[in-house]
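Start from the sequences and build out the full structure, keeping to the hints where you can.
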Amino acid sequence: MQNTDAERVPASPVKLEDASELDKNIKEAGTDEVILIQFTATWCKRCDVLKKEISERLDAPFRWLLVDVDSISELAERFDVTT
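Whatever position you read off the sequence shown (first residue = 1), add 536 for the numbering used here.
Among the hints, erroneous ones may be present.
Unchecked claim - Only pairs whose alpha carbons sit at most 16 Å apart, straight line, appear in this in silico EDC-like list of lysine to aspartate or glutamate:
no., residue 1, residue 2
1, K551, D606
2, K551, D584
3, K581, D606
4, K551, D604
5, K581, D604
6, K587, D604
Said to hold, decoys possible - Distance ranges between label pairs, derived from CB positions:
no., residue 1, residue 2, range
7, F598, D554, 18 to 24 Å
8, T567, D606, 30 to 36 Å
9, L594, T567, 17 to 23 Å
10, F615, T567, 31 to 37 Å
The hints are simulated quantities; they were obtained by calculation from the structure and are not laboratory data. All residues carry an ideal CB built from backbone N, CA and C; glycine is no exception.
If you want it as structure tokens, here you go:
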């Protein structure tokens, strides 16, 4: 997925506000689009580092969704994410 710097389109995350937004995004993406779901927390410093690395190293096109485990605990439970 790497392009030259001139062609590079940085990935940009979409922060989900509730669990229904995840299902909506999955339906919209269909089977052709890659989806990256990053589980984060405001207190997690490594999450911020990872977000920066993803943005700098990976090029679009892919759908990058951010799920705050403290705000949307339903998705954390659904995907068995623990802190």
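Evaluated hints:
Restraint check: the Cα-Cα separation between K551 and D606 comes to about 13 Å, which is no more than 16 Å; the hinted pair holds. Between K551 and D584 the alpha-carbon distance is near 13 Å, which keeps this suggested pair within the 16 Å criterion. The straight-line distance between the Cα atoms of K581 and D606 is roughly 15 Å, inside the 16 Å bound, and the hint therefore holds. Restraint check for K551 and D604: satisfied, since their Cα atoms lie roughly 8 Å apart, inside the 16 Å limit.
With a C-alpha separation of about 13 Å, the suggested pairing of K581 with D604 holds against the 16 Å cut-off. Restraint check for K587 and D604: satisfied, since their Cα atoms lie roughly 13 Å apart, inside the 16 Å limit. Taking the beta carbon of each, F598 and D554 are about 22 Å apart, inside 18 to 24 Å as hinted. For the hinted restraint 30 to 36 Å between T567 and D606, the CB-CB distance of approximately 31 Å keeps it satisfied.
Judged by the Cβ atoms, the range 17 to 23 Å given for L594 and T567 holds: they are separated by roughly 20 Å. For F615 and T567, the hinted distance range of 31 to 37 Å is not satisfied, since their beta carbons lie about 20 Å from each other.
Of the numbered hints listed earlier, the single one contradicted by the structure is hint 10.
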